[in-house]
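Participant: Okay, here's what each chain looks like letter by letter:
There are 2 protein chains.
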Amino acid sequence: MSASKNRRVVLAARPRGLPKPSDFRIEEAPIPQPQDGEVLLGVRYLSLDPYMRGRMDDRKSYAAPTALGQEMEGGTVATVLESRHPDFRPGETVLSYSGWQSHAVAKADELRKLDPKDAPVTTALGVLGMPGFTAYVGLGNIGKPKPGETVVVAAASGPVGSAVGQIAKIRGAWAVGIAGGKAKCDFVVDALGFDACLDHSAGDFPAQLAKACPRGIDVYFENVGGAVWDAVFPLLNDFARIPVCGLIAQYNADGDFPGPDRLPVVMRQVLSKRFQIQGFIQFDYEEQRPDFYRDMAQWIREGRVKYREDILEGLEQAPEGLIGLLQGRNFGKLIVRVAKD
Amino acid sequence: MSASKNRRVVLAARPRGLPKPSDFRIEEAPIPQPQDGEVLLGVRYLSLDPYMRGRMDDRKSYAAPTALGQEMEGGTVATVLESRHPDFRPGETVLSYSGWQSHAVAKADELRKLDPKDAPVTTALGVLGMPGFTAYVGLGNIGKPKPGETVVVAAASGPVGSAVGQIAKIRGAWAVGIAGGKAKCDFVVDALGFDACLDHSAGDFPAQLAKACPRGIDVYFENVGGAVWDAVFPLLNDFARIPVCGLIAQYNADGDFPGPDRLPVVMRQVLSKRFQIQGFIQFDYEEQRPDFYRDMAQWIREGRVKYREDILEGLEQAPEGLIGLLQGRNFGKLIVRVAKD
Numbered sequence: 000m001s002a003s004k005n006r007r008v009v010l011a012a013r014p015r016g017l018p019k020p021s022d023f024r025i026e027e028a029p030i031p032q033p034q035d036g037e038v039l040l041g042v043r044y045l046s047l048d049p050y051m052r053g054r055m056d057d058r059k060s061y062a063a064p065t066a067l068g069q070e071m072e073g074g075t076v077a078t079v080l081e082s083r084h085p086d087f088r089p090g091e092t093v094l095s096y097s098g099w100q101s102h103a104v105a106k107a108d109e110l111r112k113l114d115p116k117d118a119p120v121t122t123a124l125g126v127l128g129m130p131g132f133t134a135y136v137g138l139g140n141i142g143k144p145k146p147g148e149t150v151v152v153a154a155a156s157g158p159v160g161s162a163v164g165q166i167a168k169i170r171g172a173w174a175v176g177i178a179g180g181k182a183k184c185d186f187v188v189d190a191l192g193f194d195a196c197l198d199h200s201a202g203d204f205p206a207q208l209a210k211a212c213p214r215g216i217d218v219y220f221e222n223v224g225g226a227v228w229d230a231v232f233p234l235l236n237d238f239a240r241i242p243v244c245g246l247i248a249q250y251n252a253d254g255d256f257p258g259p260d261r262l263p264v265v266m267r268q269v270l271s272k273r274f275q276i277q278g279f280i281q282f283d284y285e286e287q288r289p290d291f292y293r294d295m296a297q298w299i300r301e302g303r304v305k306y307r308e309d310i311l312e313g314l315e316q317a318p319e320g321l322i323g324l325l326q327g328r329n330f331g332k333l334i335v336r337v338a339k340d
Numbered sequence: 000m001s002a003s004k005n006r007r008v009v010l011a012a013r014p015r016g017l018p019k020p021s022d023f024r025i026e027e028a029p030i031p032q033p034q035d036g037e038v039l040l041g042v043r044y045l046s047l048d049p050y051m052r053g054r055m056d057d058r059k060s061y062a063a064p065t066a067l068g069q070e071m072e073g074g075t076v077a078t079v080l081e082s083r084h085p086d087f088r089p090g091e092t093v094l095s096y097s098g099w100q101s102h103a104v105a106k107a108d109e110l111r112k113l114d115p116k117d118a119p120v121t122t123a124l125g126v127l128g129m130p131g132f133t134a135y136v137g138l139g140n141i142g143k144p145k146p147g148e149t150v151v152v153a154a155a156s157g158p159v160g161s162a163v164g165q166i167a168k169i170r171g172a173w174a175v176g177i178a179g180g181k182a183k184c185d186f187v188v189d190a191l192g193f194d195a196c197l198d199h200s201a202g203d204f205p206a207q208l209a210k211a212c213p214r215g216i217d218v219y220f221e222n223v224g225g226a227v228w229d230a231v232f233p234l235l236n237d238f239a240r241i242p243v244c245g246l247i248a249q250y251n252a253d254g255d256f257p258g259p260d261r262l263p264v265v266m267r268q269v270l271s272k273r274f275q276i277q278g279f280i281q282f283d284y285e286e287q288r289p290d291f292y293r294d295m296a297q298w299i300r301e302g303r304v305k306y307r308e309d310i311l312e313g314l315e316q317a318p319e320g321l322i323g324l325l326q327g328r329n330f331g332k333l334i335v336r337v338a339k340d
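Keeping their order, the protein sequence lines are chains A and B. Take 0 as the starting number for the first sequence in numbering that gives the first Met the number 0 and just add one per residue. Take 0 as the starting number for the second sequence in numbering that gives the first Met the number 0 and just add one per residue.
Keep in mind that the hints were calculated from the coordinates and are not lab data. Hints may be right or wrong, so weigh each one.
It does not matter which identical chain is used: a pair holds within one copy or between any two.
Unchecked claim - Here are the simulated DSBU-like cross-link-like pairs (lysine-lysine), alpha carbons at most 35 Å apart as the crow flies:
1. Lys272 x Lys145
2. Lys339 x Lys210
3. Lys168 x Lys143
4. Lys210 x Lys59
5. Lys143 x Lys59
6. Lys272 x Lys112
7. Lys106 x Lys272
8. Lys4 x Lys112
9. Lys59 x Lys272
10. Lys168 x Lys305
11. Lys19 x Lys272
12. Lys4 x Lys305
13. Lys168 x Lys272
14. Lys143 x Lys272
Only chain A is shown next, with the shape it has when bound in the complex (with noise of 0.2 Å):
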């Protein structure tokens, strides 16, 4: 906390595909200064997500791309090392989205405090935070799980993954998780009470899945895309729920997709079956997140719902940790210890 530099990492070139380190450059440069109302941050970790591909691009999205030299961005926890704000004092932690450098200024409205007493600061960027809250939404008002259905999710050990289903399992519904690798599998059932879980990467993954759904599928969590997708597809029952939030299996794609065209396929079947295929980010839901805070707080207390981080140490790990969340190297939320405690 004590540099007299801000190192940050910025984005030094528009990957094709998935990312590469030289598209990252780690830079120092001038501790900012803050103004009346600001306050000047020291981040301690840095949340890597895979929204996180898309900022990379020069393509129209729900936000805006990030500059070529600019910063990257992310959530971070942050200690308060200077404040022109009485709100807030030096020492204090809060949730911010300083993106990925060891200081930032921020705005006062911009931040939250967090009380390590209450929880581990760093769920604030998981389970208690933005993918947490996109898993809540998501099945909240979209997904809709009823006692009894069945609700598939991909990168079920992940943040966003392990809360659907944990939730899922709270509203009584019957929950199958997807993720790579046996320990990942073992882990979503062992650790965090899904029905089953099985391993994409398996042959028979399609007949695996069919037999661990024996009722077919009534809500399928989509934020992975590609191959799952396929597999899920033809077990939706009517009136099935998809809420999207991500497609990382996409994410890296260039150019058009190869034939055959499948859209006509999907289009027919969610006429004939009802599907409901719904699009959404946890941002749009805004007004629901102190019923959130309220309710994972409780559950988390409850142990009903678990999770798992998984901690890159230093700053300079991070372009290497998204290109691996990106491929789902990860095993549990992936966060980057920026500042020692």
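On the provided structure of chain A, position chain B as indicated by the hints.
Facilitator: Relative to the frame of chain A, chain B by itself:
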């Protein structure tokens, strides 16, 4: 009505692609006898609708396929010829689902009495029947246009499309229709009161559509599929709703669709623009039928909803009628007059 034989049109062969006349066969059969609780009906009007194409395929859908040699299904307006149920008397007019034939037996609970004083009885097959109800529930439950929003619908001179646009106008939205040819487009604007109507066969149709929707598209009522989708898709606003009730343009498709695969592109936009794509079938909303009859009858009385019928003479015209319907050759709600009044 005094015929001694039942004339009927049966499915002779399963079509590949667009049906041909030889996929149908006109037969005579004995007039069936009603049992206790049943009535004998003389069919006066037969409704022709796009969904009938689906029944000709041996493919799982929301309804069972028509068996080879069985009469084609369809909604009908009929006269009670003989009654073995206390609620029905000879001479009464009913809405039934008697299919492509001149005579049929029906159970009393499958019938709804029609009073010619309320409205022309053929409207029970169109604006006050299944097509009108499809428009009503699709807009009311999924499309939900708000005042000032833009609603787009294809087959705009047909019974579903014309109701969609007119209900959208009643709700204060901007209604843009799509139809085939100038005569239909003129009718849609001049008689039905849409704000604009575009000919999908025009070379610059996508540009015309963009111009007619200066504030983008908030609701696309999907009842056709195919090329219209491609023109609509880039114009959809954030949070657009896409009720899907029909895909006539692809009903005749056979085998795989050539690439590129549009699904990943669509899913990316579903996510980033938070679209809601939802299939529905009008009979899923049975409980809303009384509201529909009340509202639609009132709108017709007030002159706020208009309709047009395209009536073919004689049951033997039904096969060519359906084949033409699947190519957009009808102009208004397509009905076959099976027996003179």
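Participant: Going through the earlier hints one by one, which of them does the structure break, listed in rising order?
Facilitator: 2 and 12
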